[in-house]
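Read top to bottom, the protein sequences are chains A and B. Going by the numbering used here, the residue at position 260 of the first sequence is 260; the numbering climbs one at a time, nothing skipped. Going by the numbering used here, the residue at position 297 of the second sequence is 297; the numbering climbs one at a time, nothing skipped.
Be aware that a few hints might be false.
[Stated by the list, open to error] Below, in silico cross-link-like pairs of lysine to aspartate or glutamate (EDC-like), each with a Cα-Cα straight-line distance of 16 Å or less:
| # | chain 1 | residue 1 | chain 2 | residue 2 |
| --- | --- | --- | --- | --- |
| 1 | B | Lys118 | B | Asp104 |
| 2 | A | Lys272 | A | Glu255 |
| 3 | A | Lys24 | B | Asp243 |
| 4 | B | Lys19 | A | Glu291 |
| 5 | A | Lys265 | B | Asp90 |
| 6 | A | Lys202 | A | Glu190 |
| 7 | B | Lys24 | A | Asp310 |
| 8 | A | Lys19 | B | Glu106 |
| 9 | B | Lys37 | B | Asp72 |
| 10 | B | Lys265 | A | Glu291 |
[To be verified] A short list of chain B residues far from chain A (calculated; beta carbon distances all over 12 Å):
| # | residue |
| --- | --- |
| 11 | Gly79 |
| 12 | Glu151 |
| 13 | Gly251 |
| 14 | Thr253 |
| 15 | Gln312 |
| 16 | Pro320 |
| 17 | Gly323 |
Since the hints were made in silico from the structure, they are not lab data. Glycine is no exception: its CB is placed at the ideal position from the N, C-alpha and C atoms.
Protein chains: 2
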Amino acid sequence: MKFRLALVGFGRVAQSLAKTLVEKRAHLKRQFDFDYKVVAVADTIKGSVMDQRGLRLERLLSLVQEKGSIKDYKEGTKGLSAIETIARADANVLVEATWTNLQDGEPGLSHIRKALRKGLNVVTTNKGPIALAYHELAALARRRGCHLRFEGTVLSGTPAISLTTEALAGSTINSIRGILNGTTNYVLDEMAAGRTFAQALKTAQELGYAEADPSSDVEAWDSAAKITILANVVMGGRIRPADVTRQGITGITPEDIGDARAKGKRIKLVAKAYRDEGRIRAQVMPERLEESDLLSHVSGVLNAMILSTDVQPEVAVVGPGAGGDSAGYALLSDLLAINRILNDEES
Amino acid sequence: MKFRLALVGFGRVAQSLAKTLVEKRAHLKRQFDFDYKVVAVADTIKGSVMDQRGLRLERLLSLVQEKGSIKDYKEGTKGLSAIETIARADANVLVEATWTNLQDGEPGLSHIRKALRKGLNVVTTNKGPIALAYHELAALARRRGCHLRFEGTVLSGTPAISLTTEALAGSTINSIRGILNGTTNYVLDEMAAGRTFAQALKTAQELGYAEADPSSDVEAWDSAAKITILANVVMGGRIRPADVTRQGITGITPEDIGDARAKGKRIKLVAKAYRDEGRIRAQVMPERLEESDLLSHVSGVLNAMILSTDVQPEVAVVGPGAGGDSAGYALLSDLLAINRILNDEES
């Protein structure tokens, strides 16, 4: 199958995917028989353009870099909304990379619903729709015979979802522990090195780890969304981010950190999902970890997830949870996973 | 497809798979539409039996547990050799779990060749054939349209192969570092806690980690075989275990360990594969690791693999490298991976 991609949301993550698709085109074709064209790009701020003959990605990337907009792109149909783009584009895959909204999942949720109803496959890095409506969307995808993949929603480009649903298929996941947010982990490390919370957060913002409004990170909403996704997808839970027992790191003082350190422990923001009398529950809280705990050695913007299964007491994956081209790469790995399945079907 | 399995080698690993297949039969059918029968079991010591109607696995397991032999099993054809079994059994998957031989890969190599030539899929935990003849066997499988999977050869039931070839498909692996042998890691930990090499090794043997002849572990041949598999499968190398620059842990003294510890470091047996002027090279050596190195915190019989890719500087997986039902589980995960592909083809 030739992939005909519609990119909805053309921020840093989608641009990173576009760059990789351009740079690796020959390699992807040769190594994986993966062939593609991009038939539409739609972004609320940067503009939208659709051309079923295929867009020139290099041109779009240079336009957005030079002018912050793709409105000067010459050919194709301009100015369609994201929803109109999904409705009209001759695409077979939606790449949804708009912003995360944990209140109602919009606009990403409507984009994904619209695409799946039309029979498009969907790959996304958008945590909102998956944290709020995974079971609905997965059922819709099954009914329409489509693939829905979202590797980048947890641990960014480090495999977490495919590790559990594919590589560890067949074992029962009893519990999950993780450090799922890089910003707070970086801030806690800096505080352990002697900075105040405010200083550490400021550095994180200057380095581009934390948003201008860091509340999603430091109040642990981001971690809550991610552990919700893991609980629902991997353990069959049916929880929402608001169900997660949640405590951020804003209350942590240098004294807390020093006191932990004096006892040979480290404070980390730990997300957990576990079984409790047949129900799946989740929490995110600062914890004092022993030196023997692998999570206590996950530093800086690294993230980690540790699974306990019926077969193996502890399987961990550790890697970058954000930054660089990691999230864009997660989208590529989802596309390649769909490609593997479709190529196998054809052969 | 209904899986018709021929189990060649019926030691601890294959028995563990058999036990899991029995216990999870309903779950595997319901969750993955995975259905199976075992049409033959062949083991040099425990005997062999073939019945295309399907063998009663519970009975075979209780026989081998009570008598160390399956020769008293009532129905079916008895006494065939492994090669005759592969030739005559009405199987579509060979489960190869005979012993590892790093000299010439036999008898596993002949078993796998025979099965692939006949058009059978193969899953194996046998490091010999994969370390010595991966490229030959993979090409043979491709020509015959069969699947060859060997997740359990590295990191046992902890995903290493599928993580790199599937979850991380699309990124280029620049280098691999790992702790790939649990016995030596356990012995080094015990030495760090004050034991001598001989004491630590004796405990490892008593706990069942180390073989009666531990030379494969402590001389680092086991690690060399595993890094060879990773180098060839994941990085496209063409090396053999004998090409690996190799140094075991027999020369490590308590003084070495104490000296490292005094400097805040830990000695670990580290396997590496890397690119050197366009060629893939590999080595296994004791190294003094900094406290900031994730590998320095991988303790006991845990194993770990850290990948450096073109997209992400460090992606790590950590988990049991042996023991319990881990390797048997690796075989199940390989079977489920084949099942996913075949079920997708049918749908």
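Each hint, compared with the structure:
1. B:Lys118 / B:Asp104: violated (22 Å)
2. A:Lys272 / A:Glu255: violated (25 Å)
3. A:Lys24 / B:Asp243: Distance of about 32 Å is beyond 16 Å: violated.
4. B:Lys19 / A:Glu291: The hint is violated at about 36 Å.
5. A:Lys265 / B:Asp90: Violated: Lys265 (chain A) and Asp90 (chain B) sit about 58 Å apart, past 16 Å.
6. A:Lys202 / A:Glu190: holds (11 Å)
7. B:Lys24 / A:Asp310: holds (12 Å)
8. A:Lys19 / B:Glu106: Not satisfied, since the Cα-Cα distance of roughly 47 Å exceeds 16 Å.
9. B:Lys37 / B:Asp72: violated (20 Å)
10. B:Lys265 / A:Glu291: holds (15 Å)
11. Gly79: holds (33 Å)
12. Glu151: violated (8 Å)
13. Gly251: The claim holds: Gly251 (chain B) sits with its nearest Cβ about 28 Å from chain A, beyond 12 Å.
14. Thr253: holds (25 Å)
15. Gln312: It is violated; Gln312 (chain B) is separated from chain A by about 5 Å at its closest Cβ, not greater than 12 Å.
16. Pro320: The claim breaks: Pro320 (chain B) does not keep its Cβ more than 12 Å from every Cβ of chain A (closest is about 5 Å).
17. Gly323: Label violated. Min Cβ-Cβ 9 Å, cutoff 12 Å.
When the structure is compared with the earlier hints, violations turn up for hints 1, 2, 3, 4, 5, 8, 9, 12, 15, 16, 17 and for no others.
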